[in-house]
Amino acid sequence: MSKSTRKTLMLLVFVLPALAFYTAFVLIPALGGFWYSLTDWNGLNPSYRIVGLANYVEALTGDLYFLKSLKFTLRFVVYMVFLQNAIALFLAVLVEGRKRGRIALRTVFFMPNMVSMIIGGFMWMFVFSRVLPFLAELPALRFLDQSWIGDPRFSFWAIVIVSLWGGVGYLMVIYVAALQGVPANLKEAAYIDGANAWHAFRHVTLPMIFPSLTVGVFVTLNSSFKVFDVVYSLTGGGPGRATQVVALNIFEEAFKRNNRYGYASAKATILFAIICGITLIQLWLMKRREVEM
Amino acid sequence: VRTHQGPLGQKAAKIGVVLILTVYAAFTLFPVFMGVVNSLKTEGEILNNILALPALPQFGNYKVAFEKIHFFRSLLNTLLVVCVGVSGIVLFSAMAGYKLSRTPGRLSYLIFGLFVMSMLVPFHSIMITLTQVARTMGIQGSL
Numbered sequence: 001m002s003k004s005t006r007k008t009l010m011l012l013v014f015v016l017p018a019l020a021f022y023t024a025f026v027l028i029p030a031l032g033g034f035w036y037s038l039t040d041w042n043g044l045n046p047s048y049r050i051v052g053l054a055n056y057v058e059a060l061t062g063d064l065y066f067l068k069s070l071k072f073t074l075r076f077v078v079y080m081v082f083l084q085n086a087i088a089l090f091l092a093v094l095v096e097g098r099k100r101g102r103i104a105l106r107t108v109f110f111m112p113n114m115v116s117m118i119i120g121g122f123m124w125m126f127v128f129s130r131v132l133p134f135l136a137e138l139p140a141l142r143f144l145d146q147s148w149i150g151d152p153r154f155s156f157w158a159i160v161i162v163s164l165w166g167g168v169g170y171l172m173v174i175y176v177a178a179l180q181g182v183p184a185n186l187k188e189a190a191y192i193d194g195a196n197a198w199h200a201f202r203h204v205t206l207p208m209i210f211p212s213l214t215v216g217v218f219v220t221l222n223s224s225f226k227v228f229d230v231v232y233s234l235t236g237g238g239p240g241r242a243t244q245v246v247a248l249n250i251f252e253e254a255f256k257r258n259n260r261y262g263y264a265s266a267k268a269t270i271l272f273a274i275i276c277g278i279t280l281i282q283l284w285l286m287k288r289r290e291v292e293m
Numbered sequence: 001v002r003t004h005q006g007p008l009g010q011k012a013a014k015i016g017v018v019l020i021l022t023v024y025a026a027f028t029l030f031p032v033f034m035g036v037v038n039s040l041k042t043e044g045e046i047l048n049n050i051l052a053l054p055a056l057p058q059f060g061n062y063k064v065a066f067e068k069i070h071f072f073r074s075l076l077n078t079l080l081v082v083c084v085g086v087s088g089i090v091l092f093s094a095m096a097g098y099k100l101s102r103t104p105g106r107l108s109y110l111i112f113g114l115f116v117m118s119m120l121v122p123f124h125s126i127m128i129t130l131t132q133v134a135r136t137m138g139i140q141g142s143l
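Line by line, the protein sequences are chains S and E.
When you line the first sequence up against the numbering used here, it's residues 1 to 293, in that order.
When you line the second sequence up against the numbering used here, it's residues 1 to 143, in that order.
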């Protein structure tokens with residue numbers, strides 16, 4: 001056996017267990033989902049017809065609620081990608097700059113990740129529906145007296161706030177790790193050359209941690225497009241369908257309303273295509289800007 | 001944060017940093033704190049003053065919750081899933097990651113791409129067929 005075949009064989013042996021589970025529980029279901037998206041299967045009936053791309057055409061041209069949920073999700077993604085990364089990076093810089101209490105602060109900020117977002121959503125539901133109205137009785141906090149869940153203008157922000165609460169800590173840990181990897185002598189050299197704190201951050205630290213920024217934006221893009229549990233536990237997509245995100249729209253299509261599994265699969269495939277396209281563009285754009293060390 | 005603004009400016013910056021970090025920590029802990037505090041109160045106390053600490057901590061709510069969700073039974077289920085899941089993930093992904101990172105070439109790159117792509121697949125595109133796979137493999141409802 002030649003050396004390269006043996007190498008390939010070893011690779012396959014090591015990869016096989018993971019690949020087997022991956023194939024059984026992700027790959028086959030994903031391909032199956034794609035197959036059903038081409039049919040009119042309703043989940044119960046053993047027989048179904050192949051309808052080609054009709055589901056896709058219907059979702060993209062005739063389904064107002066789906067298009068609305070797509071628009072809502074896009075708006076959510078834009079705010080989340082920007083806010084989550086900005087706040088996480090800002091906090092990471094502040095935490096890293098402190099001598100004392102670093103570990104305690106990191107633990108506190110990371111804590112929401114240990115709570116499932118469904119539970120987090122319910123806890124915030126309690127805050128929004130009971131605690132904030134109570135606080136708003138104080139004259140100084142009158143501005144809190146909004147119907148956070150009932151009014152779509154505010155429930156959008158309620159969802160953003162809860163998602164930030166759950167997501168910032170994780171990114172912050174990534175950025176803290178990246179900041180720790182920036183050699184101190186580079187920053188010192190910048191200071192000696194007369195840079196102030198902002199200059200040193202902008203021209204030394206930021207380029208050095210840019211690979212982590214790529215990861216951070218990738219993670220937020222990906223998770224915000226698929227957001228489900230926060231919205232599900234907080235507003236349930238309501239009032240009406242005003243805060244319905246794509247994942248919730250798909251879920252309802254499959255399990256709540258008409259059991260149109262085929263049609264729901266088509267919508268999920270559209271969501272996958274959008275996520276794939278946008279993250280690929282993002283990775284390509286940001287990888288180009290990363291500096292080589 | 002290092003600044004070049006003299007001692008007074010430095011002090012102000014430091015206080016600002018502490019203030020921001022404290023506010024964010026409070027924001028992070030607030031819902032958890034509210035949950036814990038109010039879980040120890042009676043419904044009447046919650047209606048009366050939602051922010052106040054319980055006059056006398058009482059664990060009646062916990063008792064009801066324990067019984068309603070069959071806590072020990074679900075804890076056992078969760079533990080089982082965690083143990084099997086984590087050991088499987090650690091073992092298999094470490095094996096795959098080790099060899100993938102050490103073997104250059106097109107095949108290794110392709111497999112790596114395949115694994116990474118799974119991060120992008122929305123759960124909703126696999127959930128329907130996933131239940132079918134579980135049913136054919138006879139593992140549905142076996143926990």
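Keep in mind that the hints are not guaranteed to be accurate.
To be verified - Going by beta-carbon spacing under 7 Å, a handful of chain S positions derived as facing chain E:
# : residue
1 : Pro29
2 : Gly32
3 : Gly33
4 : Ala273
5 : Cys276
6 : Leu280
None of these hints come from the bench; they were simulated from the model.
From the three backbone atoms N, C-alpha and C, an ideal C-beta is built for every residue, glycine too.
Here is how each hint holds up against the structure:
Checking Pro29(S) against chain E by beta carbon gives a least distance of about 4 Å; that is within 7 Å, so the hint holds. For Gly32(S), the shortest C-beta to C-beta distance to chain E is roughly 3 Å, which falls under 7 Å, so the interface hint holds. The restraint placing Gly33(S) at the interface with chain E holds, with a minimum CB-CB distance near 4 Å, inside the 7 Å limit. Interface hint at Ala273(S): violated, since its Cβ lies 10 Å from the closest Cβ of chain E, which is beyond the 7 Å cut-off.
Residue-level restraint check for Cys276(S) holds (minimum Cβ-Cβ distance to chain E is 5 Å; threshold 7 Å). Violation of the interface hint for Leu280(S) is found here, the shortest Cβ-Cβ separation to chain E being roughly 9 Å, above the 7 Å cut-off.
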